[in-house]
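Hey, can you work out the whole structure from these sequences and the hints?
So the sequence lines, in the order shown, correspond to chains A and B.
In terms of numbering that gives the first Met the number 0, the first sequence opens at residue 0 and continues consecutively.
In terms of numbering that gives the first Met the number 0, the second sequence opens at residue 0 and continues consecutively.
Please note that the accuracy of each hint is not assured.
Residues of chain B placed beyond 10 Å of chain A at every Cβ, according to the derived structure [what the hints assert, rightly or not]:
{"#": "1", "residue": "A37"}
{"#": "2", "residue": "D41"}
{"#": "3", "residue": "R62"}
{"#": "4", "residue": "R65"}
{"#": "5", "residue": "A70"}
{"#": "6", "residue": "A74"}
{"#": "7", "residue": "A125"}
{"#": "8", "residue": "A203"}
{"#": "9", "residue": "G231"}
{"#": "10", "residue": "S256"}
{"#": "11", "residue": "R334"}
Here are some, though not all, of the chain B residues that point toward chain A, as calculated from beta-carbon distances under 7 Å [claimed, not checked]:
{"#": "12", "residue": "M0"}
{"#": "13", "residue": "N8"}
{"#": "14", "residue": "A35"}
{"#": "15", "residue": "A42"}
{"#": "16", "residue": "H44"}
{"#": "17", "residue": "R45"}
{"#": "18", "residue": "E48"}
{"#": "19", "residue": "Q73"}
{"#": "20", "residue": "V117"}
{"#": "21", "residue": "I158"}
{"#": "22", "residue": "L202"}
{"#": "23", "residue": "G204"}
{"#": "24", "residue": "R206"}
{"#": "25", "residue": "S230"}
{"#": "26", "residue": "W321"}
{"#": "27", "residue": "Q325"}
Label pairs and their calculated CB-CB ranges [as the list claims (entries may be wrong)]:
{"#": "28", "chain 1": "A", "residue 1": "A160", "chain 2": "B", "residue 2": "A248", "range": "52 to 62 Å"}
{"#": "29", "chain 1": "A", "residue 1": "A113", "chain 2": "B", "residue 2": "E218", "range": "21 to 31 Å"}
{"#": "30", "chain 1": "A", "residue 1": "N8", "chain 2": "B", "residue 2": "E150", "range": "35 to 45 Å"}
{"#": "31", "chain 1": "B", "residue 1": "H177", "chain 2": "A", "residue 2": "S256", "range": "49 to 59 Å"}
{"#": "32", "chain 1": "A", "residue 1": "S256", "chain 2": "B", "residue 2": "D9", "range": "28 to 38 Å"}
{"#": "33", "chain 1": "A", "residue 1": "S256", "chain 2": "B", "residue 2": "R305", "range": "52 to 62 Å"}
{"#": "34", "chain 1": "B", "residue 1": "A248", "chain 2": "A", "residue 2": "N8", "range": "56 to 66 Å"}
{"#": "35", "chain 1": "A", "residue 1": "L1", "chain 2": "B", "residue 2": "H245", "range": "23 to 33 Å"}
{"#": "36", "chain 1": "B", "residue 1": "D41", "chain 2": "A", "residue 2": "L1", "range": "20 to 30 Å"}
{"#": "37", "chain 1": "B", "residue 1": "E218", "chain 2": "A", "residue 2": "R162", "range": "31 to 41 Å"}
{"#": "38", "chain 1": "A", "residue 1": "E2", "chain 2": "B", "residue 2": "D41", "range": "19 to 29 Å"}
{"#": "39", "chain 1": "B", "residue 1": "H177", "chain 2": "A", "residue 2": "A287", "range": "32 to 42 Å"}
{"#": "40", "chain 1": "A", "residue 1": "N8", "chain 2": "B", "residue 2": "H245", "range": "22 to 32 Å"}
The set of hints was computed from the structure by calculation and includes no laboratory data.
None of these values were measured; they are calculated from a predicted model.
Even for Gly, the Cβ is constructed at its ideal location relative to N, Cα and C.
Protein chains: 2
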Amino acid sequence: MLEHGGNLNDAARHYGRPRTDWLDLSTGINPRPYPAPAPSADAWHRLPETSHALEQAACDYYRAPRLLAVAGTQAAIQALPQLRLQQDGRPAEVIVAAPIYAEHAHCWRRAGHAVREVPYDGLDTALREGRCQVLVLCNPNNPTGATVAPETLLRWTAILAARGGWLVVDEAFGDTSHGDSVAALSDQPGLIVLRSVGKFFGLAGLRLGFVGAAPALLETLADWLGPWSISGPAQQIGTAALRDRHWQAATLQTLLSEGQRLHVLLARHGIQASGTPLFQWWPEREAAAFHAAMACEGVWVRLFTRGAGGIRLGLPPDEAGWSRLQHALNTWSQRG
Amino acid sequence: MLEHGGNLNDAARHYGRPRTDWLDLSTGINPRPYPAPAPSADAWHRLPETSHALEQAACDYYRAPRLLAVAGTQAAIQALPQLRLQQDGRPAEVIVAAPIYAEHAHCWRRAGHAVREVPYDGLDTALREGRCQVLVLCNPNNPTGATVAPETLLRWTAILAARGGWLVVDEAFGDTSHGDSVAALSDQPGLIVLRSVGKFFGLAGLRLGFVGAAPALLETLADWLGPWSISGPAQQIGTAALRDRHWQAATLQTLLSEGQRLHVLLARHGIQASGTPLFQWWPEREAAAFHAAMACEGVWVRLFTRGAGGIRLGLPPDEAGWSRLQHALNTWSQRG
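Next comes the structure, spelled out in structure tokens:
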């Protein structure tokens, strides 16, 4: 299994520092989550029937014509390569944008497809000159923050649809830049859009995400994922979060401001980072050393070891966290 | 997708009676669930890391050497046919005991395997005389309550293991008859045991179950299911339920007594039923009429339409429920 952020148990074991004494910046999850209401008395008890209220709340929030609720974007990331195999009866040529969230390439490869990783600026050429049936990207990208304009995505969708192919757009970090989203057009043939309540709403423990696609594909996906894949409480809490316009507006303002604060703090320490309001990333030359130095200060960051390597930092949850990060960065800057 | 019990929304829509006015007996879920403790503050927020406490609590309760937590038995039922396909590179000959929980045959067929359904009393012959690689059964069975002795299951495991095959034993309703379980031996090559906290603990909304099998197969299954498949609160509530020996002992006594009460009530209405303490089932000749008559009284039961057809009834949650069921059965008995 791939390694991911959020693995505080590993941090605690490796560095001998108790879980409670870490500042966890290793994910891009909003550190101030939506205040989950207590689920109804029978939510843990009953088999969770499909919730039309949840899917309607999601369609309203994401401005999408039709969405399928899934047990986290991860469930869809795992299912799509299998569905493609089932549909075609043979492996497909797949381009995965690079670098992005590693589960995409991992799952397409594991299903037996021929996967090629292509940098964002080479996608257009690779798509037009090659014969790939599937193109996968994150928009905005995790971890670099790179974005692709909706017009470009729609052009790529048309090219792929003409080949019977798919454009898979993972918008897990799309909540702070609605203008870049193609969710509203996700019922177009060939387009598949993934959304998540884990990041912006800070509800990664819910295991809840959504898929927008043409109706026939959504039905096939629903059948593949089977009944009751989303817990009853996740349905209720997700519905409340997706409907709460006041919290959403306030959170958007906070995240835009905090994201800027993180960017500026890093710049003051000579680090030119990019990303989204929920995280900053840079291709650190001494990535392993930086990661270890932060860990010694009890700050858990995400180390990327592939390619040139890099570091991703999420937002501290409070002023104590900002101070601790600042102190750790000072120590790093003043190293011998 | 297959139809299942617990679909009160369908009942409400079809019969125009509000959800809250139904006595739902359509599942075999304990109507008095384990009182779920409130999850910790960050359980909805953080990515749910693998919980060793949960898996240890499950090993202790199920008396199993090693278990993998899964997002409901359903997740494993869907994954196993895919893993088999991946392992063999071609479809297998599969025998599914009949009648059992319909998702088993459905999922093996959907993955392309050659599935034959064989009644419980024909399994031994079919296994020895045929060349099947996989045999799937529920023990005790849902819905008939039929059981197969552990010695027989171990003999079948040995036959299948010698062919490189699997015996899949779904013990979802095994909590009231620990003596029939083979969970303690589930690390034997060829044996796969499924357990669920949905039924006995009444926590179907958690989406939590366990798989016991040889270590290499558990690793392959864990990789297939991917990271974070179980929500954080499900881990915490599941751990508490699996550790609570006092609640478990009291619940076992209650269910044995209530199951007997249901069996006797049906017998008084001329119905010879079989099952487990959590449900009773019989091959009703007028199944559709019985189902409709109960629905008119606001009692939602499970109708089986395949083969000879049949009816399954779960336990009422309280005395008002018992009275309502009794009244509905009286009306049915006295029909013109």
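- Item | Violations among the numbered hints | Hints 1, 2, 5, 6, 8, 9, 20, 21, 26, 27, 32, 34, 35, 39 not satisfied by this model.
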